[in-house]
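> Residue numbers (our numbering), protein chains in the order written: chain A, 1 to 241; chain B, 1 to 107.
One thing to keep in mind: the hints can contain errors.
A few chain B residues that face chain A, going by a derived Cβ cut-off under 8 Å, partial list only [claimed, not checked]:
1. 7
2. 13
3. 51
4. 63
No lab work stands behind these hints, which were simulated from the structure alone. Here the structure is a predicted model, which is why all the values come from computation and not from measurement. Don't be surprised by glycine CBs; every beta carbon is placed ideally from N, CA and C.
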Amino acid sequence: MEIIESNVPGTQVASEFWIGVRDSIPLMVGMIPFGITCGIMALTAGLTSGETILMSMCVFAGASQFIAITMLGAGVSGWGLIVVTTLLVNLRHLLMGASLAPYIIRLPVALQALLSFGMVDETYAITIDRIHKKGYSASYQLGANAMFYSAWILSTAVGVLLSGYILDPLAWGLDFAMPAIFLSMLIPRLVSPTALLVCGVAAVVAIIGMLYLPGKWYIIAACVAAVTVGGLMEEEAEHAN
Amino acid sequence: MRTEIFLIIMGMAAVTFFTRFASAVLFRQTGVPVWFGRWMKHVPTGILTALIIPALFLPKGYLDISIHNHYLLAGLVAIVATCLFRNAIITMGLSLIAMLSLRFLGV
Numbered sequence: 001m002e003i004i005e006s007n008v009p010g011t012q013v014a015s016e017f018w019i020g021v022r023d024s025i026p027l028m029v030g031m032i033p034f035g036i037t038c039g040i041m042a043l044t045a046g047l048t049s050g051e052t053i054l055m056s057m058c059v060f061a062g063a064s065q066f067i068a069i070t071m072l073g074a075g076v077s078g079w080g081l082i083v084v085t086t087l088l089v090n091l092r093h094l095l096m097g098a099s100l101a102p103y104i105i106r107l108p109v110a111l112q113a114l115l116s117f118g119m120v121d122e123t124y125a126i127t128i129d130r131i132h133k134k135g136y137s138a139s140y141q142l143g144a145n146a147m148f149y150s151a152w153i154l155s156t157a158v159g160v161l162l163s164g165y166i167l168d169p170l171a172w173g174l175d176f177a178m179p180a181i182f183l184s185m186l187i188p189r190l191v192s193p194t195a196l197l198v199c200g201v202a203a204v205v206a207i208i209g210m211l212y213l214p215g216k217w218y219i220i221a222a223c224v225a226a227v228t229v230g231g232l233m234e235e236e237a238e239h240a241n
Numbered sequence: 001m002r003t004e005i006f007l008i009i010m011g012m013a014a015v016t017f018f019t020r021f022a023s024a025v026l027f028r029q030t031g032v033p034v035w036f037g038r039w040m041k042h043v044p045t046g047i048l049t050a051l052i053i054p055a056l057f058l059p060k061g062y063l064d065i066s067i068h069n070h071y072l073l074a075g076l077v078a079i080v081a082t083c084l085f086r087n088a089i090i091t092m093g094l095s096l097i098a099m100l101s102l103r104f105l106g107v
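Make a model of the complete structure from these sequences and hints.
This is the structure in structure tokens:
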């Protein structure tokens, strides 16, 4: 199944890269508006253009950038709180990384690191689809990563440029874009009773936490409660079988 | 560039890279333990819910369940749009139109 790339000619490696680029295009239609919104929101929240673009270049993680920007906009500037939240939001990457580990461990460590840096939800999905169909190709994965990385930075920059022309987006309710996008990500996940219960617990803890906990700790409280309930339900289902 | 923001960005970059690279290092021999997968499975649902619900129910910091809460009404539009179209762009577009209409009409 797997293609060992050291054995294939250079031209084939190059064409695999471009096939990865090509296969990324349909999914990018969904990502570009996120980048633009990210740029607009960052400036609205009080970040400078340079800070906003640097964040997209270094972090390259849509959801956690939105969250960090929201926190900064709400006056939260604690390093630990924002970094720990970013860590929690991105914990899911541990699992994606684990599933790709069998394929990338034979590559040079520097290439492993580069491929891991570019692993976001979309590029992961594109890569495993390719593994399923034709086997693993590092060049292909690199092509998909490069495409998403460039588009993320460019669309953030477009958002930064546009934000000057939109008068106070918050007064228009444009800050609603973020919960709307998150809802469209959340709802398809609610397919099992366990997922619904996890969502319900997180919702109740988030509201109580928002009312009674300092800062943005309600996010962490809700997530820890939800994961505990979900984990226990999964364990129980496992024992019942 | 403010130092404080720069340090936050670098911290975010470091932990994000850690989450993407650690598994390749950690699980290269053993594979992912089953129990770990079970517990991590619900993190995205928990996080997304924790971000959405307060934005809809407490947009101004206090609990507001009424027709004057535009965020809650636009949220209902977003839920219906997601169930019908399963497309993030359509959901965002329709619920933003709902939001702008509510503001414009002054409901």
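> Which hint numbers does the structure go against, in order from smallest to largest?
none
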